[in-house]
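The listed protein sequences correspond, in order, to chains A and B.
According to our numbering, the stretch in the first sequence is residues 1 to 283, in order.
According to our numbering, the stretch in the second sequence is residues 1 to 282, in order.
FYI, nobody ran anything at the bench for these hints, they're computed from the structure.
Certain hints may be false.
To be verified - Stretch by stretch, here's where chain A covers chain B in the computed footprint (C-beta under 8 Å, at least three residues):
| no. | stretch |
| --- | --- |
| 1 | 160–167 |
| 2 | 249–262 |
As the list claims (entries may be wrong) - If you want the ones that stay clear, here's a sample from chain A, every Cβ over 10 Å from chain B, calculated:
| no. | residue |
| --- | --- |
| 3 | L90 |
| 4 | S116 |
| 5 | I150 |
| 6 | P201 |
| 7 | S256 |
Idealized CB from N, CA, C, for every residue including glycine.
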Amino acid sequence: MSSLTPSLVKPQSDSLEKIDRLSFNWIMWGIAIFSLLVLTLPTLIVLVASLNSAQTLRFPPPGLSLQWYAALFDYPELWTAAVTSFQTALWTTAICVVLGVSASIAMAGSRARWVSAMDALVMSPLALPGIAVGLGILTFFSMIGLRLSIITLVISHVVICIPYVVRTTLASLTQLGGGLREASTVLGAGPVYTFFHVTLPLIKQGVITGSFMAFLSSFDNITVSLFLSDARTEVLPIRMWSMIENDLDVRAAAISGILILITALLMILMERLSGLSKFLVKS
Amino acid sequence: MTAKLFSPKEWQLTLPLAFFLHLFYIAPLAVLLASSFQQAVGVPGFSLAQYGEFFRDSTNLKVLTDTFLLGLQVTLACLFFGYPVAYVYNRVTGIWKSVMTFLILLPLLTSAVVRTFGWVVILGKQGLINSALQGLGIIPEPVKLLFTHHGVTIAMTQIQLPLMILPIVASLSQIDSRLLAASASLGGGAWRTFWKIVFPLTLPGIISGCLLVFAITVSSFVTPSIIGGGQIMYMPTLIYQQGVVLLNGPFAAAISAILLVMVLAVVVGLSILGQKSRTYIR
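Please work from the sequences and hints to get the whole structure.
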């Protein structure tokens, strides 16, 4: 900013001012560049480690090979877990969208006091320990005699993932305002027609971004799944966790590499589709 | 007029979600709290035995203070390393902005297990840091970084960093640039402008970043359990050990309740500070 406006008050010493500005810029940019490097490092390391040609995990790898990716084909438990995770995340996202979007419409349309209470309730799973929520839901289910299945897993994931959908949908609705919906109603459209033909197309980006975040956080969840998935419904993150925790299986590097690539591709796709960064960076 | 006709029905749209959350979120938390007051597994009645057991044992107290310390250290480290990233993010334009967005968001969206795995490769005996330091002849023997509190702190800081950067970026982008120009034209140097104007104006962003990072750090399970190994315990790993491995439900419930109270106290405290800082800016 200092280059924008020439100083009206002449500083006593030009060199002192120069040192002041230079030291500030050097320190700010220096820490920022260091942080960005550290932020990126583990991802790069995982990608390089997954191309390791040795039998144990070491860095730097002695040679490059795709052997660990090939080894994944011979690991049926991993694929079962991946399918379970995918199904769980899909169902979770679908339920989150139905419950979350309808609640958001009601919340955006009212200024009553219950809205802020509801908002606090919906958002609280983001800040509260997932492990306590998971243990609580498990205790609750065993109390009412509900057996663990993919349904109980999905229910618990909806609790954890609902904040993402409500937050982005509410952000879109607030930006939209009530004018267009009112206009549609004045012109004789019913509430259902107005929702599908006016509101939904206009808040599409918020809903898509929220669904994407909900899907990812369900797919990635461990703390709740630890309590609610059993041998039949083992999810991918738990399988990977035990691979790394027990004996540092190098195949974990290969599956991690695949997940990083999928995440990066989805991120770019979502940026094109719904302006992902707009929601994540500015809201 | 029409809006009024429309709204009595509209608020009911929130009922399904409210019902769902009360049944599968509020009720389970209440059940958890109730079970923490059991004397032993399956024994009904009200007793503070589980809490007594927790606070009598110095190992448990160390887990509690270690967890709090971890949250504090990671939060401060994230603020120190994250603020400059947010500052630079608001300065760059064009392709660099897109590159930075990608670099900040990719780790945020990548699975926590994957990111933790990266740190295992970096911190391990044959990992990046030890190979590099030994290769340069700085250390003769590998340093132990895995399974230490420092290792967990380093890895957690990297993992939580985006959560600190994003709210600060939002706060920084709201600053009126004329204020900075005014400060510069009145002879305020770069450092003085930063500490007197920019930093105070971004307090709301800083506070919400700290709130998120602290709450998520003290609640996270994957990174402490892998990087900390079996040797260093934090509250979430202790809950898992008691609840799943040792099947001591009431004790695990009591530890969960203590962790919940710790998180709530910090979240509520910081939220009040955040409200204050927002009114202070206006």
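Practice task
Between the stretch 160–167 of chain B and chain A, see if three or more residues pass the 8 Å beta-carbon test, and mark the coverage as holds or violated.
Solution key: holds (count 3)
Handout entry: Non-interface claim for A/P201, where every Cβ of chain B lies beyond 10 Å
Key = Label holds. Min Cβ-Cβ 18 Å, cutoff 10 Å.
Handout entry: Given coverage of the stretch 249–262 of chain B by chain A, checked by CB-CB distance under 8 Å (3 or more)
Key = holds (count 7)
Handout entry: Assertion that A/L90 lies outside the chain B interface [Cβ separation over 10 Å]
Key = holds, 17 Å
Handout entry: Given as non-interface: A/I150, partner chain B, CB spacing beyond 10 Å
Key = holds, 15 Å
Practice task
Confirm or reject the statement that A/S256 sits farther than 10 Å, beta carbon to beta carbon, from all of chain B.
Solution key: violated, 4 Å
Problem - 10 Å cut-off, C-beta based - A/S116 kept clear of every residue in chain B - result: Holds, because the least Cβ-Cβ distance between A/S116 and chain B comes to about 12 Å, which exceeds 10 Å.
Going through the hint list in order, the structure does not satisfy hint 7, though it satisfies all others.
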